[in-house]
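Go by the hints and put chains B and C onto chain A.
The chain contents come next:
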Amino acid sequence: MLSFTVRSFFQKLVTLFFISIISFLVVYLAPGKPSQIDPLNPKFTPEDLVRYRKEFNLDKPLYVQYYLYYRNLFSGQLKSWKDNQPVMDKIKERVMNSLWLFLVGTLITWSLSFPVGISAALRRGSFFDRFSTFIAYVLISIPGFFFAYILIELVVRAFNVPVIGMYTFGMAKADFIYRVMDRIWHMVLPSILMALGGIALLSRYVRAQMLEIIHQDYIRTAMAKGLSADVVYYKHGLRNALLPFVTMFGLILPGLIGGSVIIESIFAWPGIGRMAFEAILARDYPVILTINFISAVLVLAGTFISDLLYMVVDPRIRL
Amino acid sequence: MEPILKINNLKVCFDTDGGLAKAVDGIDLEITKGATLGLVGESGCGKSVTCLSILRLIPSPPGRITGGEILYRGMNLLALPDRDMQRIRGNDIGMIFQEPMTSLNPVFTIGDQIKEVIMLHQQKTSSEAEELTIRILDKVGIPSPEVRIRAYPHQMSGGMKQRVMIAMALSCNPEILIADEPTTALDVTIQAQILELMQSLQDESGMSILLVTHDLGVVAGMASHVAIMYASRIVESGSVGDIFSNPRHPYTLGLFSSIPVTGKRGGDLYVIPGSVPDPLSFPEGCKFRPRCLFAAEQCTAEEPPLREIEEGHKAACHFSKTIDKYVWKEKTKTASFLISDEQHG
Amino acid sequence: MQNTRNTEELAHGLAEEVPRLTEAWRIFRKNTLAVWGLVIFIAFFIVAVSGLLLTTGENPVLDPAKVRLSEKLLRPLTPVNTEMVKPGDRPVFGIYLLGTDDLGRDVFARMMQGAWVSLTVGFVAVGISVIIGIILGGIAGYYGRLRIKFMHVLCLIAFFVSMILLASGQRGPALDSLAVTLLLSAFSAVYHYLAAKGGTGPKILDFLFFDTFSVDTLIMRFVDIMLCFPSFFLILTIVALLPASIYNIMIVIGLTSWMGTTRFVRAEFLSLREQDFVSAAKAMGLSDISIIFRHMMPNAIAPVLVSATIGVAMAILTEAGLSFLGFGVPPPHATWGNILAGGESFIFDAPWLMYIPGLSILTVVLSFNLFGEGLRDALNPKLRKR
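Residue numbers (this note's numbering), protein chains in the order written: chain A, 1 to 319; chain B, 320 to 664; chain C, 665 to 1050.
Bound conformation, chain A alone (with noise of 0.2 Å):
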């Protein structure tokens, strides 16, 4: 066990090494230039772009300046050429915008796809199977931001409630409970629509796991001990069901950056994939990488931790 998880750390560290490499190139082999060093912008003087290109240290040959990028990432100096404050504590900012969302559409996500993915695969070819079914690939097949649209315009003509933004302009001397009930009210329909996708897939994937296990032997062998429908498939069924998803526990740890670049710009939500967004748009070399390297670096986490789970939680996986 022991050798196992040391072997998969640095397994993982020497993926992580490539993918700094990797991201380091695209993005700086990439056409076209910030606007600081473009010698056609207008704003800026020879004598300024010879400066920045200095102080980005693009005039230094490619591997020095991912030694420095990167050294620079580790010791915490690193700074937005945009508007020169430090990437780290931007991005932590961010994230914990980001957290509330990522955490409230999670938790609809979990606790919806279950109940959904359960009963369809009890109920085999039953209406409920086939409508849960068909609305699945409606939700996945629907462009997000076409669906949040309809939604915003649906919420906004029968509440008149705000959604845009993560509070209303102006609210910040209100009472409390309207501060609560303004978030709340923002915070609705980011949060289920970043849920919704979720539901979609997972329940496909609970229903489909589910389905698979009620035709193993073992679930025939506890119907001939005499048990009940309910204990079989909720204790011998369930109970093997969801060994794959205690791993994918894991697995949701990266959606918290990947998953919200349109969500976030459509309800002009100040988090990690709207400012991943500017960052690309201002070509802001520092913010991009560091980003993309914190979102691999939860991606590897995320498959390490459900490893350590899997170990934990089938015994028949002991290393």
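Mixed in with the good hints, there may be bad ones.
[As the list claims (entries may be wrong)] Now the stretches of chain A that chain B is said to cover, found in silico as 3 or more residues with beta-carbon under 8 Å:
| hint | region |
| --- | --- |
| 1 | 87 to 101 |
| 2 | 207 to 217 |
| 3 | 234 to 244 |
[Stated by the list, open to error] The calculated DSS-like cross-link candidates involving lysine-lysine, where the alpha carbons are at most 30 Å apart (straight line), are:
| hint | chain 1 | residue 1 | chain 2 | residue 2 |
| --- | --- | --- | --- | --- |
| 4 | B | Lys341 | C | Lys694 |
| 5 | A | Lys82 | A | Lys92 |
| 6 | A | Lys235 | B | Lys458 |
| 7 | C | Lys730 | A | Lys12 |
Bear in mind the hints are in silico, worked out from the structure with no lab data behind them. Quick reminder that beta carbons are idealized off the backbone N, C-alpha and C, glycines included.
Relative to the frame of chain A, chains B and C by itself:
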């Protein structure tokens, strides 16, 4: 003697992509108290479906029991409410399956899985049930059972798992044990041990066994009565003596002639021509007709019913009055479906 | 042979040999949703092709680019205003079937053109990802156990360094590095030639040709690395940094979505390689190429097809998402994605500008998904038993 389990005209169908498949097509069986009935047939002939029907474990959909009755102590199991059926499963009728490897739940310890049945059917506390579990594991020959109850299935060998399955099926002292090919997935040496174990447990408790197998040797050693199944029907049934020394159905005769006999060299082995028909398109009339050496006009016209030819010995063939092993020998002398030694070498 | 009489009869009653595709079609037909998916799938094709024919050429029947500022934001089915619009600028039948947009362009014509462009984006992107996936997955599955020699690793590194230098515009060092690559390759070629001849000469060089990691490790670690990038973010980054062009979008979507295909082609090949018919083909002396393409590929293609169908749907959605963020297919090409994104600002004034492309995308993507899933069920023998 009054039979403890009686199956009358049982019919089971499966809805498949290709249409309705008659997996069991009107069979009758009787199991006497304390006796062992061997149910023999090729794979796909409906043996397992028959077993599962007794406990109403046919996966539905696609399967469903379309007719007949299964009488256990005079009660029709097919008409019982679910709640009562659950009380019979595991308590009055225990069952063990062909695949011990996959028939135990991988995420629970074997102790938990056996305790579960005991606590379900007998009003026992957890510690009493555990004690019982240890005792029954000991009885089925699991070494150091007080340690093994904490083991997970994957930590045991196939033979051990089948012993655990037997322990689980017998933990409530059922009247009937249904054993669906209990040794097929096991090594030959382990097979003998398991059969021996079943035999000794039967002697001890006086339970009845329905033993499903495709191995005639196993039946000869274990059963007192035999039913031969072919294409969803019983084609011949009787006591072991009747079937083994005086088979009267061409299929049974074919089965026996296809078994090599130890110590006998140079003889020809018979091969039943063709293969098992598809349940979606059974031939009309007698289902064995296309493969039968004695097929005649009558066989196409009419499916022969299972008729008594001697006391307690039934066969489903229009000519079973005239066919026996001597007639068979004459007939196969001239047949070409033989594997002779030259072809072997 | 007196018993030949009933051989014919013997055949009766046996399970009929049904061709695989007939069998698959029979299962597929039972899945109502999937059949609808297929119908819409075909209808979409027809629309896309006729869209291509009707909107291109010198004087297209439907002109998606014609700007009529007097006819802005008209509702669907509005007849053209004959006083303001010159006869040559009028839409067919004198009616705006699906209304007009903020520049007075005919939405119907734009949708027809967009159908073809969206379809192309989807198919080219998936085509790229499937080709990469099959090649890498096939190599990993078939040749995975081969180990790469140290010298070959050096060749690869030198080659990549030269490519990177070339991309960063440093011609001189790039050529140097390329020369090193060629030198190393030539060197190993000579070594292998001599070693094959059985001479004792190259023995002393063996230390340069020790085995390192396997081909499989190389490819699958690369897959792992690619999977660590958040895909939409990666696509967005590259598309945003590259000059706006429809080709870049197709290529980038393709280059970032091949990992799934690689994985299951590899898995399929790994299991096929162990099967008897492949051993038999090898025993008969067939070349690797014909084993792979004649014997293994037909068996591995089913899951690829399914994921390609679903991949087209995903690519159309991705393009729509990019359009929304302003990085979709640039004008003059209309795609359903950029029509939808353009309609966003008029959600209250001209809702049809959003609903028409939005619902169209939903319908088509849904049909691709349903068709793909139906195909998966029909082609997967494991699910068939249930």
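Pair hint A:Lys82 and A:Lys92, alpha-carbon separation not exceeding 30 Å: Roughly 17 Å between the alpha carbons, so the hint for A:Lys82 and A:Lys92 holds.
Residues of the region 234 to 244 of chain A with Cβ under 8 Å from chain B, three needed, outcome: Coverage by chain B holds for the region 234 to 244 of chain A (4 residues, Cβ < 8 Å).
Pair hint outcome, B:Lys341 versus C:Lys694 [Cα-Cα no greater than 30 Å]: holds, 21 Å
Residues of the region 87 to 101 of chain A with Cβ under 8 Å from chain B, three needed, outcome: n = 0 at 8 Å, threshold three: violated.
Hint consistency between A:Lys235 and B:Lys458 [alpha-carbon to alpha-carbon, up to 30 Å]: holds, 28 Å
Holds or violated: C:Lys730 to A:Lys12, with C-alpha atoms at most 30 Å apart: Given pair C:Lys730, A:Lys12 is violated - Cα atoms ~55 Å apart, limit 30 Å.
Coverage of the region 207 to 217 of chain A by chain B, judged on three or more residues with CB within 8 Å: Per the Cβ count (3), the hint holds.
Hints 1 and 7 from the earlier list are contradicted by this structure; the remaining hints agree with it.
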